[in-house]
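Colleague: Top line first, the protein sequences correspond to chains A and B.
For the first sequence, this note's numbering gives the first residue as 1, with consecutive numbering after it.
For the second sequence, this note's numbering gives the first residue as 1001, with consecutive numbering after it.
Bear in mind the hints are in silico, worked out from the structure with no lab data behind them.
All residues carry an ideal CB built from backbone N, CA and C; glycine is no exception.
The reader is advised that the hints may include incorrect statements.
Claimed, not checked - Here are the simulated distance ranges between beta carbons:
no., chain 1, residue 1, chain 2, residue 2, range
1, B, Ala1482, A, Lys169, 35 to 43 Å
2, A, Glu209, B, Asp1127, 45 to 53 Å
3, A, Glu209, B, Thr1061, 52 to 60 Å
4, B, Arg1198, A, Gln172, 51 to 59 Å
5, B, Thr1138, A, Pro227, 24 to 32 Å
6, B, Arg1183, A, Ser180, 42 to 50 Å
7, B, Ala1247, A, Pro334, 35 to 43 Å
8, B, Ser1397, A, Gln172, 21 to 29 Å
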Amino acid sequence: MALGSSLDRRRFLGALGRGIGAGAALSLAPRMARASVAPSERVRLALVGCGGMGNRHLDSLVRRTDCQVVAVCDVYTPRAVAAAQRVGSGCDWYQDYRRVLDRDDIDAVFCATPDHWHALMTIHACQAGKDVYVEKPLSTCIAEGRAMVEAARRYARVVQVGTQQRSLKLFQDAVRIVTSGKIGQTTSAGCWIGPNGQTGPETPGPVPEGLDWDLWLGPAPWVPYSPQRQFSFRAFHDYANGELTNWGVHLMDIVLWGIGEQSPLTIQAIGGSYREVPGNDDFENIEIIYKFRTCNVTWQQRHSDSVSGKGYGIRFNGTGGRLYMDRGSFVVEPPSLGVSEQFETGDPWIDVQSHHTNFIECIRTRERPNSDVELGHWATSVVLLGAIALDCGRDLAWDGDAERFIGDEHANRYLMRPYRAPWHL
Amino acid sequence: MRLLALTMFVAVSLMPNARAAPSVAELAAGLQGEPRARVDAVQLLPRYGADAVRAVLPLLTHDDPTVAKAAYNVLWAVANQAGRSGRTEEALEISSLLAAHLVAGQQDPVTDKLLRLLAVSVPEGFDVEPIARLLGDTVWREAARTTLERIGTPEARAALRDAIGEADPAFACALLGSLAQLRDAETCPVALQLTRHRDPAVRAAAAYALAWTGDTDYIAALRMVRRRASTDTKVTANEALLRLAEAMSERESDRSAAAAVYREVLGDSPSSAARDAAIAGLGKCGDAADVALILAAAEHGGATATAVAVHSLAAIAAPGADEAIASAYETAPAAAKLPLLAMMGKRGGSVLLPKLAAAAASEDRETRLAALRALGDCGDVTALAVLTEAASTGTGSDRETAIASLERLASSARDPELPGQAYAALLVTADDAAVRRRALEGLAAHPFAGALEGVLAASRDPALADVAARALVGMTGACVRAGRVEEAREALDVITRLPLVGDSVAALIGQLAPFASELDVAARLGFITEWQVVGPFPFGGPGTGLDDVNIGEPAVNLDAAYPVGGRELRWIAAHAYADGLFDLTPLYGMCENVVCYAYSRITVPEAIDAVVRMGSDDGIKVWVNGEVIHNHDVDRGSGYDQDSAVARLRAGANDLLIKVSQGRGGWNFRLRLTTPDGVAVRAVQ
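Bound conformation, chain A alone (with noise of 0.2 Å):
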């Protein structure tokens, strides 16, 4: 089914909402030649997800020689449809991840949707014989990251996380300055960014036309539809944690790289929107500190906030010195230590490209990619762990081995989010 036919929209998206494939789509994006990698070597994808972080993986996946988007797939047809035409001729379009698992020609899926269907549809690709590239967070809960893990080990799945920072160069050397000792002992981390934003009030509609929305909340509490939820799921905590859950999983997982560690003892955590601001569930302003064995951690999230003119970023105090940094730049003080600005040569906002080099690889050769489900689990527990304290309102002991609280059963609830059926995890 062509774009650009003189098909009428609506018989073009009732035919998309019964999940047909449309393997005929114009392409519209810039193709590179593919003559360097056999087309039967080249890794076969699947998008699932394509809305704006998908299309980012999409920009940078056509452009690719050793692997071929053959899939791609959005409960909201439109999107679909669109990627498809992206990607051009030899890729189909779905409404139902499901039927793109139920294809043997697919080595691995890419799953950009909100976070609340992360695990889910991770553990089923794995189920499925996929390997897979999930959007971070990783998960909503604690046990749904576990769950993934062990997903990925049962059934030997690569699984990357896309906390594509670790692919690149600039907080790779950021981290080796760190762990090498250059600013001695590093005794305190953190990280921080702006407040969290506000969406106003929801206003429920009807459903718009080609969206499945029961498939949209998925494993999600029902709830009738709303632009809010659709456009700007990260303010409701059926599906999110706001900027703790979005960029707090980029930046936490660099501050746990850096000091060596993968959960903390206890979390403190206070949260506080002291203006008008409906709408969300998330506190505007929050502060999180956690207490690791080696260091203390910081995550704020304040109005007019920067450090040395980083509006968000990582820091590291050591002993000897200090180290902050955000995509752009990385700066050691004092000026002693003898280590100058280090700047990202790329565009950092966009680089993913290195993450999905390392992932095609790891497909191949079968190792550990550099951002692991695991490492991915422990970064998004971090975050998920201070918006459990939010919740609670009070002081949490955490067991990281054991993976439960200390002394407090009811935090220990916030584990695990009931599905709704027929999900399951």
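Using the hints, position chain B against chain A.
Modeller: Using the frame of chain A, we list chain B on its own:
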């Protein structure tokens, strides 16, 4: 009726009461007022616990969504704070208030919110009947089930179990899913029965509810569920059996039973994913005989299956596994041989490494290169000779591969001595400057005395001199520790001709501490060690400046006496320690807010522009030949080369005077001379 009841709650809560202002009623009113008041109310109302619930509950249905949302946020905070240890009574009261307003039979946003709140408020001991009742309600059964799952108390589990009998197949699956998630042992007898249910979905869900136990008694039932699975339940049934085996494999006593399950899945599953899982499982709990089985399975599964198999073999820990792998290698299909070599390198050990060494001499180029690569991953010293030989005498790809492997060997070594030896081999075999630089960096981190000659040679290469100096620092220490003092002295001679400042100086002194005196380290690094000192004189404290004149400075009269506080202070001669530190506390005790002076006459053969590098605790002021060259009033601990200042030294004698302040705590200084680029200047003292 319901709203009327809620309104009555409000009326009660708004009555005057004995609480201090702001009252619950005022805050609840504020919740509906101006934005500022609403913010205050959201902050303060949770303090009032159950009273706040009574006051705020009616506002869940407020016309203004902002007010309704704020009310929910207050209730959320109250429900959570009641979960705190020791507040069960409050949690019971709050949960009763919330549960009283649940309404069955119709879509209702309030019931949805109440269930969400109850999911976090209900404590153990609470009668969940009002929620359990909704399990039979077509509108609310799903929300009630998930609420009870999250509550997870014995009462909630019992309610979920009790509902299974009356549930239709789809809801029975959901209930079993909840109980599986809760790992509810009391569900197992029911679940076992349901593995024989007529509906394949129920059978699969029941199998799931048993899988977490890892109980070998359930193998037969789950095996049967798997065999009778429909197309739609195949994956779930497979998963249940795999999970059961996985849980079994956690217990030593059940590992062989788990391995038997994996063999069965491997043998009869048409699903490549299930077979991969079985192969991975056998890696965790299989025995030596499974090596051949795993390889045979991989033979028919393509490149991915081979890679999965090889990874599985890397993990297999059973006795005799190495021998089985070595034997399997000989007969393995060509496609598996190269990955097997890589895996053998990662396993290492006395059985497999000789095989790798032999393969490294193979006639077949691909085999040879794979073996050389694998040796780089083994972390074993036996690889060193093979790789060094290939890196020295090999050609083309063999040599390149061996050099790359030497580098990996250095970084993956299990033996603490091996990294230094591997970096030493890398240094002498590699031509590439970048590789040699990394070898020197490696030697700096893992000093190996035997590499001294190679590092000394590298130090003569201007492109490598800086990193060679750092390596020599470590190597000198290694020579000292190995009792090779003369070689250490030789290395030190080289080092002290190289630029060396700051951390490198600290590192060198740290390495040589036990032999610092014997090797004359301080003098070699340009430290001034012989001083005349006088003090302590009163001082205003850090930040007050170092400009008070106490001895008529910059003039120095070593015979003078200075009356201070009823006694006379005189110059005395003293030495710095062997590491260059001059500690003033042994001379003057623990003082606060004082200064002292130190003077030294030094001689250099010809005029030079020198850099005076110093560290001090606390502040320091320096005169050279009567001219102030540095003045730093600071409160700090001392380090190496913290400050520096340029001084013109004339040929012959030069006068050096310093003034060191003391706020509190430690009191000391270090001072040395270097050329502008950091090479130590040895002055006669």
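Colleague: Can you name, in rising order, the numbers of the hints this structure does not satisfy?
Modeller: Numbers 3 and 7, in rising order.
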